[in-house]
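S.K.: Taking the hints into account, I'd like the entire structure generated from these sequences.
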Amino acid sequence: MKIGLEIHFQLKGNKLFCSCSTEGTESGSAFQRKLTPVMGEMGMVDSAVKYENIRNREFLYRVSSNSCLVEKDEEPPHPVNTEALNTAIAISEALNCKILDYASFMRKIVIDGSNTSGFQRTGIIGMDGYIQTSGGPVRISTITLEEDACRKISEKHGRAEYSLDRLGIPLIEISTEPDIADPEHALETAKAIGHFVMSMNNFRGEVDSIRQDVNFSMGFGRVEIKGVSKLSFIKDTLDYEIKRQESLKEISDLFHGKPPEIGDFIDITDIFNNTGSSMIKKAITSGKSVMCARLPGCNHLMKYGNYRLGRELADVAKNMGIGGLMHSDEFPAYGLTGEELSQIYSAARKMDEDAVIVVIADRDSTESLSPLLKERMNKIIKLDLAETRAATTNGETRYLRPLAGKERMYPETDIPLIRITEDILENIKSMVPKSLDEIKKDLIKKYKLSSVEAESIINNNLLSLFMSLSDGFKNPSLLSRILLQVMPEFEKKRGTKLTQEEIRDILGVSISGGNIYRRDDGIKSIIGIARSRGWDRNTLELALSLYILNAIPVSELEKRPELVPLNEAEIRGIINELSEEGQLNEKNLIVMFRKKTDHSFDPRLVMRIFTEMKKSDKL
Amino acid sequence: MKIGLEIHFQLKGNKLFCSCSTEGTESGSAFQRKLTPVMGEMGMVDSAVKYENIRNREFLYRVSSNSCLVEKDEEPPHPVNTEALNTAIAISEALNCKILDYASFMRKIVIDGSNTSGFQRTGIIGMDGYIQTSGGPVRISTITLEEDACRKISEKHGRAEYSLDRLGIPLIEISTEPDIADPEHALETAKAIGHFVMSMNNFRGEVDSIRQDVNFSMGFGRVEIKGVSKLSFIKDTLDYEIKRQESLKEISDLFHGKPPEIGDFIDITDIFNNTGSSMIKKAITSGKSVMCARLPGCNHLMKYGNYRLGRELADVAKNMGIGGLMHSDEFPAYGLTGEELSQIYSAARKMDEDAVIVVIADRDSTESLSPLLKERMNKIIKLDLAETRAATTNGETRYLRPLAGKERMYPETDIPLIRITEDILENIKSMVPKSLDEIKKDLIKKYKLSSVEAESIINNNLLSLFMSLSDGFKNPSLLSRILLQVMPEFEKKRGTKLTQEEIRDILGVSISGGNIYRRDDGIKSIIGIARSRGWDRNTLELALSLYILNAIPVSELEKRPELVPLNEAEIRGIINELSEEGQLNEKNLIVMFRKKTDHSFDPRLVMRIFTEMKKSDKL
Amino acid sequence: MLIGQKVDFSYKGAEYTGTFISSSDDAITVKLGSGYNITLNRDSFKVIKEYPPESMEKDSLTEINQECGEDGICILTTGGTIGSSVDYKTGAVKPVKDISYLYNFVNNIDQFKLYHENIENMLSENVDAGKWLTFARKARDAMKKGNSVIIFHGTDTMQYSASALSFMFEEQTEPVIFTGSQRSSDRPSSDAFLNIEGSIHFASMEMGEVGISMHTGTSDDSVSLYRGTRTRKMHTSSRNAFISIGEPCMAKYSNGKVSQESYIKKPSENIVLKDRLDENVGLIYFYPGMRGEDFYNLSYNKKAVIIMGTGLGHVSSGILAVIKKLSKETAFFMASQCIYGNVNMNVYSTGRDLLDAGVIPLGNMLAETAMVKAMYILGNYPDDLNKLMKTNMKGEIEEIVR
Amino acid sequence: MLIGQKVDFSYKGAEYTGTFISSSDDAITVKLGSGYNITLNRDSFKVIKEYPPESMEKDSLTEINQECGEDGICILTTGGTIGSSVDYKTGAVKPVKDISYLYNFVNNIDQFKLYHENIENMLSENVDAGKWLTFARKARDAMKKGNSVIIFHGTDTMQYSASALSFMFEEQTEPVIFTGSQRSSDRPSSDAFLNIEGSIHFASMEMGEVGISMHTGTSDDSVSLYRGTRTRKMHTSSRNAFISIGEPCMAKYSNGKVSQESYIKKPSENIVLKDRLDENVGLIYFYPGMRGEDFYNLSYNKKAVIIMGTGLGHVSSGILAVIKKLSKETAFFMASQCIYGNVNMNVYSTGRDLLDAGVIPLGNMLAETAMVKAMYILGNYPDDLNKLMKTNMKGEIEEIVR
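Chains as they are written, first to last, in the numbering used here: chain A, 1 to 619; chain B, 620 to 1238; chain C, 1239 to 1640; chain D, 1641 to 2042.
Mixed in with the good hints, there may be bad ones.
With the Cβ distance kept under 7 Å, some of the chain D side facing chain B (calculated, not the full set) [what the hints assert, rightly or not]:
(1) K1753
(2) N1984
(3) N1986
(4) V1987
(5) S1989
(6) E2039
(7) I2040
(8) V2041
None of these hints come from the bench; they were simulated from the model.
Note that the Cβ used here is the ideal one computed from N, Cα and C, for glycine as well.
M.R.: As structure tokens, then:
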């Protein structure tokens, strides 16, 4: 099994080749373009007819507030965004790459309209690195700095609509060699790379800011799985793909590598003249035909147990714009009657061991579908599974297109070479992110955290929050406890998560207006009060609870009586009360005590006094 | 009696200070301007308040297809239109003026918005000429060349709307001294000047292309009557004005020059709470008040016999935007009952010899009207009648405004002086129109027309038509007969007039598509056929009759049998027939003969044959 | 005859009375009683009688000059169409004496405290670096007294002057607004009134920049405030001749109200006026077939030369050779004669060769602004010429061109 | 190493295989198998093995040149962005060899008979009067065979060339259409394809003029035909950089159809080509403080000088003095740096002084067009220079400006 990853992540700040911000909204105006596949740049598609087709595709671009003439392809690119370049160098350093002596950009031809220029600008910054994993080093082949593409809004009637807002956002691509052993290892590798990515100050950190492609092979050809949206899906997706290929292997074995011949499509629309299926009725009314074809020997391979041959074929239909491809393993369904089914099967001349597929579409589409289905069936049974697949949002994959030909590239002559000087390398040194191991060691050493705490902070993605608060917070272990235990507990009680920004505001030394309860516009922070009042841990946690769960404004916290910790006399009194009320022992003491009072108290003090009272037989 | 004329006429071709055509349509777009009365240019109106008022008037200009940046006042004027300048010089020559050595243009300040620039460009071309009339020479004081103003489209709510189509059309103004003796003489003078105007090739000749102002005085102050639209109205207008001033003189005499004191306005709205007059009811509902005032001693002066004092006062109200001013000489009218009238009269304390005026308006307007009415009454009774009046379209005049102060003028520095060189004067010689007398002499001499014919051609405005056809027509006296007798006879029979263009097409040597009967698109002309066939006068007239009255196409005329004149034998036959039918003599011969045949014949030949037959006793 | 003197004269045999206006070698102009001027050949004009001349008012500028007071708006007049008026008798154009009539028509004029100082009376095509110093110093003096400043200026070179003051005032406590008119203020249709109305409102803003206040469109309904360094007169005669190149205007004034349309710098605490300019700067418009020697002659001995190249910033190979020869002594900068868009010399070989020869591309800086900027930088920071020319100091470079 | 030669090399200890692309003093560029070019310091790059070089195609222009046939459309390529293409191996820009791919995308291309002749391969900033003669003669030759003519031209000076041919062809039997592109034709987003598509349709019109065919807007939906003498490149980089100044375009092409938008001259019966140009003409951009001596040096010994004055056509009094000195030898003409609107030198005293000094105002003729026109008139009608410069010969003066 060979697995490789391509991890893309966006940077925030300015765009890669102009001064526009990476953030923006749509501004309303739009323009329309066509793209022409220039001489020899089309790879496999070469005939004039195909040219013509592509030439007739229209692209509509919605102008965004963060776009200028560069995104409109009305002006040459400006000099490269230095911060983005430095980030790419820093990541390359962190991943042990050889930094190139010069950054030089290429034009990678893309004619699906996602780039107004018809190409993506991309340049290698680092090569030949590696990342340490539990399974040994995984090699990094290249790290490139490129511009992100347009965001697609819609596609219909041969016209794709894009927004310019995403176009030109700096994108760093980290590609590994296929050194990854299994899905678990893939997830670990992705997480390790993700760590470096997210450590960068200018990592964009929006939805979709990281996109992962997975290359996978288990001997039946290389599959490229595009757009795994979340880290955690990497494993699921790979697991799914392995299962899928394994099941296809079984099917292939069943046929001894000799593909069944899919029968010709037969028009069976007449069967449904009086059908009760509203779906079919509607389709027929709109001029579509119902057609079926026999798949010899495919009964119970279409969808049965692990077998999903039906879906493999349906994906082809779907890519052609034919919504549904039904098959006999699903029937009865779609409101078809037994009578109709037997008519279908009889029309298709289905034997017991055969499957039947049913397509509802206009005749022409079904006719062009037919050879494509046959071709796919052939490839599957011959176990030639190499193709480009898309990751779905539920951890599966689906057929997208054949593997693309080799990418056409030529130099971006509008951008001069940038020499990566020793000075630059020196300057970015401080930017180079540390490895998880190094960070863990730092946490333990500098903050005296336990190894478990340090790992939890790293694994829960709390590192930057912890670092940013640690200066203001004199007690790192209290901060660690609050972040790892207290806050999650509050969140559970509240029923909603707090964002890192909100937590930062709550725990920050000065609260700068950004406050989760809007009616509280004081500038004092809870931590500030805690420090000035000399609150102990318990009082602070009670204060946080009042603020977060009871929405008591910061300005009123100082006055709350609960936040004056109980003194020894008060504790003694409560223990007496409790003791009178019934059985009290070391085990239930604190729980019972907490029930008895709203006030802050030091549990150790309560315990001590209880022990003393018990010892002195005052109870 | 002193009468002077100012005759303005437009030229066609290009505008005076740009290359735009004088003809155009509106193009849809518009812009808005204000005008500022510049320092000291306001004449009598000087206070800041008035400034402010004028400053707040808005002018909306509709752009026309025949306007450019010059009309928009967005560009300095271009050099003066040479053709227009030459025309002005030619007219000046014709009217015996001294041509100035230089044409220089002035800016005449006009802030009613009718000029986008806020001024009209105007320059004197000739001075000190005269025109011969039956009453002796009438002196011409100046001939100026100026640009026409915008065409007003509407005026409401303090915003006037203009079209740019008329702005900048070359306008020649011919001003006479007040040498004209009476209305008849004024008409003659205007006609004589009009003759020269209309003789110019580039006279625009559209509706409104000539506008005439009349200055009139019969000892009670100078009255300027603006905008007499047609020549023929000059006499009517003056007659009306004379009658008007005479009647005011009588009224003044009745009061011995001591004006009656108009009473204060009294609110009598209550009288009409249950009125049957829908007009009054509607006005009251819309918040207006009914007010009346007494005019002592004015009974039967308001509107009775020649007296029209009511209208003099109503004009003032009308200029203020108050629609109606009613008076007792009109009553009963407007649906007022006798009961209501007596209540009005009693409220106004009307005595028998008094008149009462009734105004329906909002109270404020009526209050500001009051002093203006008194002022006007004073002026009338003191016979100070000097003012600017407007000619109406039915030959009357109405009060417009006081005489304007002296016009503010300063040099148009954007236009360089144009030297009127000897070369120019030489070149325009051929353009100088001839006087009527000269033309008449020419006609008689060159075409051998009778003096009566020549005069008829001139007086019926057929001169240019005659001249343009005379080359093609070898027989000028036949042409004269056709124009003066045949065509008018056909027109009478047809019931509609033929335009000069149509007549020119019918009689022209080649017919160039423009044909009164569209189905006839041959290019042969009737005159052409006549000449090739050697038609005599009668045949030609019959052919014209067939064409004009029976709509026979030119191409078919050649084939018509009627147009082959009867020969002697045929004539003899018809005479025989007629003679058999009854009494036939020299007197009824031709009439009877014509009834008997559709064919063309020569009446003299018929007569000769008849005489011969009678002589030879063949009848 | 004296100007304004009444005369009886004869012309082609007739006699007239008029007022003597002017005379040239060949001709004499008199004004008739009707107000019309007529111009006649000197030899066809015969004086019959000269009436005694009326006493003429003395024309003196100094008399009507007034110093700026405090905490108001100081209007500095420098000449130009807006500050001139026709003499109705003679037709000659003279500086406006009573400036007040120009702003008598401003809405709510009472809320403004206006001063007026006549500092110059010239056609703007004659304004040069020396005058910019004068204008700047006068503006500084007015600002020191807490006044914002309006400068009446001829429109021809207003953009150059506004650029100059933009750079020279490194910090300013009040707005400096240039205004002018395309139709002279002696005409009822003059745009001067509304432009001034706008400028007074703009001068009352919180603003620490130099702007230009001129008509937004052809209609008398809106005035725009344009940034001093990004504005160009784009029409010879129309009211809306001025526009900001490649960016929106800073603010609009309409119906008594100002609306902000783009970034406006806030006033500084102090006034910093750098009043040195080095005039040894050239501006050259390249054209096909331009001779190398012409380019050489113009550039030779100049400290800096702004080239208006074609397209993205190009010149012919012949000119390139000259630049190479001179570029050690002279700093060459590239702007484009296209006016709109950025210069970019990385795209074509000519551009790259020019870069190699040391020519500095100026982005989208207007060539005219660049010329003024070079004078300012050479005057004050000569050692940083190349670096500062590329630096956006006063909004002269629009970073994001839409 | 030869360009395109495969090499094994080491860099910082690792070994790679690539294709040699280029080298400079310091650096070497190789293309990796992935298609990426990488550039490395010469001293960190170590060749391990050179593979035998592949045989290279011979680049020869003459081979692909073809003569124009008859009664079709003849495309003459002169260079510029539109006629050039990147070599995908090396990244160098070279003239397009197979022009056909450029117009393979034209709708209904079959209805057109297209020929192609490569007459020049240059950057348009290097085009000069000599080249205009070449272009014009080639166009005449094509026209003689009944072809209409399309000239592929760099956009930088296209307006100058189009003006030149407009004047030189006093009569022409077929349209001559210049076209170019702002994005090079080797890019999928190039405007070349639509511009050519438009030009082919425009070339099929009944037209006896020289026009420029370029994008109407930023969208790929319309191409405009602009009059050769009234067009200006108004943006350094955008597709819609070309516009007619102060008049609508002549025609528009959209969705396979041409619509006429303003006057278009009909073809003549004969071809009259006046192919003499006198290059002794200057174009001077006036600016505040411009030195008299600079103006003098530029004008001295020139037969004609076009001045780009301020506003309605003004220069400073210093320059006026120089003009007076030279105006006996040199003819001076005035255009405005405002670009839009008419020059009018009657309005202000400076203008009147310039008129007195003999400076001829050019109305709204573009300065660039005027420069070319002066070359043409001096070459063919030197005695009528002043008169003909003011005469509208080829639509270069817009009589009515809206």
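S.K.: Per the CB criterion, is I2040/D less than 7 Å away from chain B?
M.R.: holds, 5 Å
S.K.: Interface hint check: E2039/D, Cβ to nearest Cβ on chain B, cutoff 7 Å. Holds or violated?
M.R.: Holds - the Cβ of E2039/D comes within 7 Å of chain B, reaching about 4 Å at its closest.
S.K.: Please verify that hint: S1989/D, Cβ, nearest Cβ of chain B, below 7 Å or not.
M.R.: At about 9 Å, which exceeds the 7 Å cut-off, the nearest Cβ of chain B leaves the hint on S1989/D violated.
S.K.: Given V1987/D was flagged as interface, is its beta-carbon under 7 Å from a beta-carbon of chain B?
M.R.: holds, 5 Å
S.K.: Please check whether V2041/D passes as an interface residue: C-beta within 7 Å of a C-beta belonging to chain B.
M.R.: holds, 5 Å
S.K.: Next item in the hint list is N1984/D. Is there a CB on chain B closer than 7 Å to its CB?
M.R.: holds, 5 Å
S.K.: Taking the closest Cβ pair, is K1753/D under 7 Å from chain B?
M.R.: Check failed: Cβ of K1753/D comes no nearer than 38 Å to chain B, outside 7 Å.
S.K.: Please check whether N1986/D passes as an interface residue: C-beta within 7 Å of a C-beta belonging to chain B.
M.R.: At about 5 Å, which falls below the 7 Å cut-off, the nearest Cβ of chain B leaves the hint on N1986/D intact, so it holds.
Going down the numbered hints, you'll see the structure goes against 1 and 5, while the others check out.
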